[in-house]
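Top line first, the protein sequences correspond to chains A and B. By full-length UniProt numbering, the letter at position 97 of the first sequence is numbered 97, and the numbering carries on one by one without gaps. By full-length UniProt numbering, the letter at position 91 of the second sequence is numbered 91, and the numbering carries on one by one without gaps.
Do not take every clue at face value.
Below, computed lysine to aspartate or glutamate pairings styled on DMTMM-like, alpha-carbon distance capped at 20 Å [stated by the list, open to error]:
id, chain 1, residue 1, chain 2, residue 2
1, B, 112, A, 92
2, B, 45, A, 137
3, B, 112, A, 98
4, B, 44, B, 109
5, B, 112, A, 69
6, B, 44, A, 223
7, B, 45, A, 92
8, B, 112, A, 137
9, B, 45, A, 273
10, B, 45, A, 132
11, B, 44, A, 92
Please keep in mind that the hints were generated in silico from the structure rather than gathered at the bench.
Read off the chains here:
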Amino acid sequence: MGAPPAVQARGLVKTFRDQRAVDSIDLDVRQGEIFGVLGPNGAGKTTTLKMLATLLSIDSGEARIFGIDVAANPHRVRQLIGVTGQYASVDEDLTATENLWLFGRLQGLRASEARATTRRLLEQFGLEEAAERRISEFSGGMRRRLDLAASLITRPPLIFLDEPTTGLDPRTRGQMWDTIRGLVADGCTVLLTTQYLDEADQLADRVCVIDHGRKVAEGTPDDLKAQVGESTLQVQLAPGADQAAAAEVVRRILGEEPVLTPESGRMNAPLPDADRAADVLGGLRAAGVSIRSVSVARPTLDEVFLALTGHDVPPADRADGEPGPGAVDIPDDRGSIAPLEVAR
Amino acid sequence: MSTTVLEAPATVLDASAALARTHGRPGIRDTASQTLAMAWRALKKMRRNPEQFFDVALQPLLFTAMFAYVFGGAISGDVDSYLPLLIPGIVAQTVLTTCMATGVQLREDMDKGVFDRFRSLPMSRVAPLAGPMVADLVRYLIAAVLTYLMGLLLGYRPGGGVPGVAGAVVLAVVTGWAIAWAFTWIGTLARSARSVQGISMMILFPLTFLSNAFVPADTLPGWLETFTKVNPVSHLVSATRDLANNGAITAQVGWTLLTGLVVIVIFLPLSVVSYRRSL
């Protein structure tokens, strides 16, 4: 028998009151890979992760971490994992140095080892200058970094990251991605949850999509995107333009049926390849159809969802500023990576 | 801006080696050092938020002066002769109030994100509860010492001298620590810090006032006198009086320590079970 899988879960169930937050989920994460759990708010991502990380009891089903049963041996499992929660789990009243020192001591490091590890981690995560500042004075990005550093003190072979970049600005987000890639280069296995297809695409070797506590798809990010087409061409036709002629151009050039909204003059068409947008625009000009604006959008989580489940991301899940249907990957107020890319 | 990319490590992580190093449960020595680490954290937080000492510091000062001047004449004829009765009572009351703060702060603490990390670490489940309680010894000490100082200022001259008072302070601190486990249990059960406070008050007020802390028990109606005799707070107050006023170690000291032990034996396991369940 080879190396045991980093995570193996069978039929995980968690029920809150009468609602099944997680409804028989199976997961297999191989050693050394980044595995993404993708889904909207309230889909059961965090609950699943908490069960695997011994933070929530498992109502039914079985989970093994490196072959060790989570329910039977939580203490042993805790020695193999690092957990970085959605909300920084560090002590607000302590400084960065004190936090890392404390977590080191709690995990059995001698005082001198804890000091050395603290110094090394602060340096690795670029937090030396903030070392003696209290966490309550930290920015969101610094907190996340410290939080991740705190998970790495004993160099556990499996790291759980719950929405590691939600709420971060694009630059900090990119740094976090680099850090996560570095972990895997170091020999770690990473299981992360995310709401952003973009993030899963950038980081994950394999992804599973969760909706209403159930797994609706699993595969590489490319597999997922293939199900919704590479991108979408969005054209705003000029008032009075010949919509039927425009649709005919799309049909001829892309071989796809466009979605027309006659009242607003909007036309959307799936693009197998972003370069084909130029052909469509050329075709529209040749057919004498004038346009107002044009954009090429990459598939969003919502579109993946629509394609996989046949329903939209439920509106309730978007209540606190999550991206809406056909909207951007990241809400603008959190500083987005330009989601709508004009034809390349 | 320094880079956040991890440098190439000297050795690549080996999951099977990490797997081989795991052990089944935390040992006694681990538990002790984790408890001390948690106590260190609690002390740091106390130093950073000195306002939480207000109640510990103000209550003995205020209550001692208030009770002495308001009740002194009525109960004992004058303030001076009331003080030997009152001061040990105030010490008991203050220590119990401080126990309540232990429960309230544990609840507040447990609601914070950092407790998620404590739960995810391979650490003893007693340490997060016992650590703050070790740090709280400082609070009981401050409360007890301040009360005696205030008494001295008002004219209290304890007959037990320095050894008697020191013994009374130690007894109060130890008892306070033991009884705090009951409030720790409430802290792990209740939904919010506010409800911990509410529940604790409901328990504390009758316990302190229906005792011999402020009045001689023989002035009470028969049924109430009987209750005050079995009330553990009365034992603490009597033991403290015997120590501070006469320098005598009486059977009351034994009863007080026994009560403390019983509280620990019952509520320590309950607290740990309840903390585990709150996962």
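Hints and how they fare:
1. At roughly 9 Å between alpha-carbon atoms, residue 112/B and residue 92/A fall within 20 Å of each other, so this suggested pair holds.
2. Among the hinted pairs, residue 45/B with residue 137/A is consistent with the structure: their alpha-carbon atoms are about 15 Å apart, no more than 20 Å.
3. The suggested pairing of residue 112/B with residue 98/A holds, with an alpha-carbon distance near 17 Å, which does not exceed 20 Å.
4. Between residue 44/B and residue 109/B the CA atoms are separated by roughly 14 Å; this keeps the pair inside 20 Å, and the hint holds.
5. Taken as a hint, the residue 112/B and residue 69/A pair is broken in the structure, with Cα atoms around 28 Å apart against an allowance of 20 Å.
6. For the proposed pair residue 44/B and residue 223/A, the alpha carbon gap of about 51 Å is over 20 Å, so the pair is violated.
7. Distance check on the hinted pair: residue 45/B and residue 92/A sit about 10 Å apart at the alpha-carbon level, within 20 Å; holds.
8. Straight-line distance between C-alpha atoms of residue 112/B and residue 137/A comes to about 16 Å, which keeps the hinted pair within the 20 Å bound.
9. This hinted pair does not check out: residue 45/B and residue 273/A have alpha carbons roughly 58 Å apart, beyond 20 Å.
10. Restraint check: the Cα-Cα separation between residue 45/B and residue 132/A comes to about 15 Å, which is no more than 20 Å; the hinted pair holds.
11. Between residue 44/B and residue 92/A, the direct Cα distance comes to roughly 12 Å. Compliance with the 20 Å bound is thereby established for this hinted pair.
Hints 5, 6, 9 from the list above are not met by this structure, while the remaining hints are.
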